[in-house]
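Keeping the supplied structure of chain F fixed, place chain U upon it in accordance with the hints.
Protein chains: 2
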Amino acid sequence: MKAIIYSVGTEILLGSILDTNSKFIAERLQDLGINLYKMVTVGDNPERLYQALKEANGKYDYVFVSGGLGPTEDDLTKETAVRVLGLEDEMVLDDDSYEELKKYFNDEKKAMTVNKKQAIFPKSATILKNNQGTAPGCIIGDKTKYILMPGPPNEMCHMFDEEVVPRIHTDLMIKSVNCKIALLCEWEISKRIDLSGSDPTISPYAKTTGVELRVTASSTNKDHLEASLKKGVDLVKNTFGPLLLTTEDKSREEVLIDELRAKGEFVSAAESITGGLVASSIVDIPGASDVLKESYITYANEIKHKLLNVSYETIEKYDVVSPEVAGEMLDGLHKATGSDLCLATTGYAHLGVAYAGVLYKGKKYIRKVKAKGDRNKVRRVVKNKLIDMSILIVRGEYEDYIGI
Amino acid sequence: MKAIIYSVGTEILLGSILDTNSKFIAERLQDLGINLYKMVTVGDNPERLYQALKEANGKYDYVFVSGGLGPTEDDLTKETAVRVLGLEDEMVLDDDSYEELKKYFNDEKKAMTVNKKQAIFPKSATILKNNQGTAPGCIIGDKTKYILMPGPPNEMCHMFDEEVVPRIHTDLMIKSVNCKIALLCEWEISKRIDLSGSDPTISPYAKTTGVELRVTASSTNKDHLEASLKKGVDLVKNTFGPLLLTTEDKSREEVLIDELRAKGEFVSAAESITGGLVASSIVDIPGASDVLKESYITYANEIKHKLLNVSYETIEKYDVVSPEVAGEMLDGLHKATGSDLCLATTGYAHLGVAYAGVLYKGKKYIRKVKAKGDRNKVRRVVKNKLIDMSILIVRGEYEDYIGI
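Going down the list, the sequences are from chains F and U. With the UniProt record's numbering, letter number 354 in the first sequence gets 354, and the count goes up by one each step, no holes. With the UniProt record's numbering, letter number 251 in the second sequence gets 251, and the count goes up by one each step, no holes.
Simulated from the structure, these hints should not be mistaken for laboratory data. If you're wondering where the values come from, they're calculated on a predicted model, not measured in any experiment. Keep in mind that a hint or two might mislead.
The list treats identical chains as one, so a pair stands whether inside a single copy or across any two.
As the list claims (entries may be wrong) - Pairs of lysine to any residue, SDA-like flavour, derived with a Cα cap of 20 Å:
| # | residue 1 | residue 2 |
| --- | --- | --- |
| 1 | K237 | I404 |
| 2 | K207 | N154 |
| 3 | K377 | I17 |
| 4 | K372 | P153 |
| 5 | K372 | G133 |
| 6 | K377 | P286 |
| 7 | K191 | P204 |
| 8 | K191 | T239 |
| 9 | K207 | L18 |
| 10 | K370 | V320 |
| 11 | K237 | I402 |
| 12 | K59 | R48 |
| 13 | K335 | L307 |
| 14 | K129 | E99 |
| 15 | K116 | D94 |
| 16 | K361 | E324 |
| 17 | K116 | T134 |
Isolated chain F, as found in the complex:
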């Protein structure tokens, strides 16, 4: 099954609004096992809209269109799709839709004039109810089915789930698993594992929260689907071992919180370069209060001394950005908080160099982190590496990966 998505609206081309409908539909198509070939955004220009919609005719099984079903003269999607399919002579007023409109407006006259066109469809159309607004959608066409939906995201999403999904029949099933890989960057991952396979496919994604490998299997047979998916996930497991942090749909911070919660342990950080980002990324997860009570931002040298007892001699001798200072920060933090897992960061954002330190069960682990990019990016990379380290350390699996 092949599909294309169109988003119709000049305001998207002007950059005024972000098109989230296409992503929503794309995600659903993935679940439905429909192959999405392309997403296209066009404006409310009649001729260009016609050309765009026409190109899809005969080439795809499904053409999903959102936007342009409103009551104004600018709203041309239905009229244009009807022209593409040559259904102009079939147009009739749909009584049910018209009744709905009248109910909605509580005022027959208004519905009669401005909105009446929203109730007019080709005789052969399947009408899609809109329980969030005035514009009903429809499915028209035979070999290539055009599925027309309103543009406002809440209307479109409801209509898709309630009216469109039950009318789509496919045999192909698709299923993905996201594997979160610790410490390695995208190209280090691609060196270690063969990404050229197609059953299943395995692709790396560099997200702001770290790198993921997505394993995707597709099949018309459920057993084969599951077997293919398992083969891919097993390959990732065997290749990366403990560096595969989780295959569950949760963030790295969630993984860390779950580990600590299971042990009844607490975490604190003494942050210099990250300046609160580590604590903030943990606090952003519901239930963070189970594992984090307090945390410190020790940005100035004098504060590292005051709160963490970092000695001025160490700073003088090794520089404040050094493994030695990171180590003393960890000791001081542990003394101040008694937290089971103590974290520390010190670095130069403009140079992209930092040390990320972890103290756990009396043992210190300090890692040099390098990153390129603006301040924000560098701080994020340091935070991500520190979280990855922490998970591995709490699991007792870091020792083998100190050198990578």
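Showing chain U alone in chain F's frame:
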């Protein structure tokens, strides 16, 4: 001038990530006076990518492409655009780009193998530097210019503004001023000011960092451009008074840091609901060390007591999310740090209710903040309101706006 935007990446078609690059480019094209005809998303499939890029050749002045410049075999954008333009025989290693790569990896061998292809371009290409990652971009083609940029949004946005914009020539001059408005949300702003004008246009944008009013003038005449822009900015100034925090191109945190630096003053925070987000947003600005030395995340009640001397009776009597507790947090923080500007937050993310407190020159200001949305959104709104309050308070201009 006619343009089309391509977004390349199977992960977008799978619905895994939302394409924000196209909106960013669309907004910029609007400012540049370039007509955007279409946005298209295609996957990493070589043949379909070729067909898509080929369709644009000769039809548009500018073809903007983001994504697919990475080092792996999946990354095909440059090779495909080169095929479309028939430049295969022109490919050479760009020495500057190669040196950058070597510097980045600090290891010649690594760059030689995996990433080398990122430094290979057609001889006639204009290379676009990437100061956020490894993949340089390029402009290739003659009548139709293909502008190839990396997919990660931070890399793409920087490259667009720094490397692409200066190379685009149009007659229409467009100039914008972003007016950052304190405390008011988008609809409160739109109630107060007429947004229907067209010379200049004035549009509100709700960003994750707070609301901005963008005044945009466009003209082929420089004097008219400046006059129109001034008219718009004056209207905003007269309407919002001190709530207009800045018309300069700097973030709210930068505005606050500049105010404090000028006075030689320091800021600290005691964060509960925001959990480090306030400090982190300040530390994210270069030069933050001039105004921030230390900050605390006091998430648990016992830590509010231990570090800030918040009394258990106050928590018991008023609840931990109360103006009273916020007030004691401020007092305790001032005692612990002596900072000139003390900030505190306490709230319930799941209920979207919080108190943001400021202590400055012996006076306390505590504001109830309500926000709708997920945890992350609520925490961000609390942080933004607190920064807005702080700027107004440090400027001595908050008193008139306590009630809004």
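Consistency of the hints with the structure:
1. In the homo-oligomer, the alpha carbons of K237 and I404 lie at most 20 Å apart inside one protomer (17 Å), although the nearest pairing across protomers, at 55 Å, exceeds that limit.
2. Both within a single protomer and between protomers do K207 and N154 lie at most 20 Å apart by alpha-carbon distance, with minima of 16 Å and 11 Å respectively.
3. Taking the shortest alpha-carbon separations for K377 and I17, both the intra-copy value of 19 Å and the inter-copy value of 19 Å come in at or below 20 Å.
4. Taking CA atoms no more than 20 Å apart as the test, K372 paired with P153 passes between copies only; the shortest distance there is 15 Å, against 27 Å inside one copy.
5. Within a single copy, K372 and G133 get their C-alpha atoms only as close as 35 Å, which misses the 20 Å cut-off; across copies the closest is 6 Å, which meets it.
6. In the homo-oligomer, the alpha carbons of K377 and P286 lie at most 20 Å apart only across protomers (13 Å), although the nearest pairing inside one protomer, at 25 Å, exceeds that limit.
7. For a Cα distance limit of 20 Å, the shortest separation of K191 from P204 inside one copy, 11 Å, qualifies, whereas the shortest one across copies, 46 Å, does not.
8. With identical chains, the CA atoms of K191 and T239 are at most 20 Å apart within one copy only, with a shortest distance of 11 Å there and 58 Å across copies.
9. Proximity of K207 to L18 under the C-alpha cut-off of 20 Å is found in both arrangements, the shortest distances being 17 Å within a copy and 12 Å between copies.
10. Within a single copy, K370 and V320 get their C-alpha atoms as close as 16 Å, which meets the 20 Å cut-off; across copies the closest is 40 Å, which misses it.
11. When the C-alpha separation of K237 and I402 is checked against a cutoff of 20 Å, the pair qualifies only within one copy, where the shortest distance is 19 Å, while the shortest distance between copies is 56 Å.
12. In this assembly of identical chains, K59 and R48 lie within 20 Å of each other by CA distance both inside one copy and across copies; the values are 18 Å within and 13 Å between.
13. Within a single copy, K335 and L307 get their C-alpha atoms as close as 10 Å, and across copies as close as 14 Å, so both meet the 20 Å cut-off.
14. For the identical chains of this complex, K129 and E99 are intra-copy neighbours only, at 12 Å inside a copy versus 59 Å across copies, given an alpha-carbon limit of 20 Å.
15. With identical chains, the CA atoms of K116 and D94 are at most 20 Å apart within one copy only, with a shortest distance of 10 Å there and 62 Å across copies.
16. For a Cα distance limit of 20 Å, the shortest separation of K361 from E324 inside one copy, 19 Å, qualifies, whereas the shortest one across copies, 38 Å, does not.
17. In this homomeric assembly, K116 and T134 come within 20 Å of each other (Cα to Cα) only inside a single copy, at 10 Å, whereas the closest approach across copies is 55 Å.
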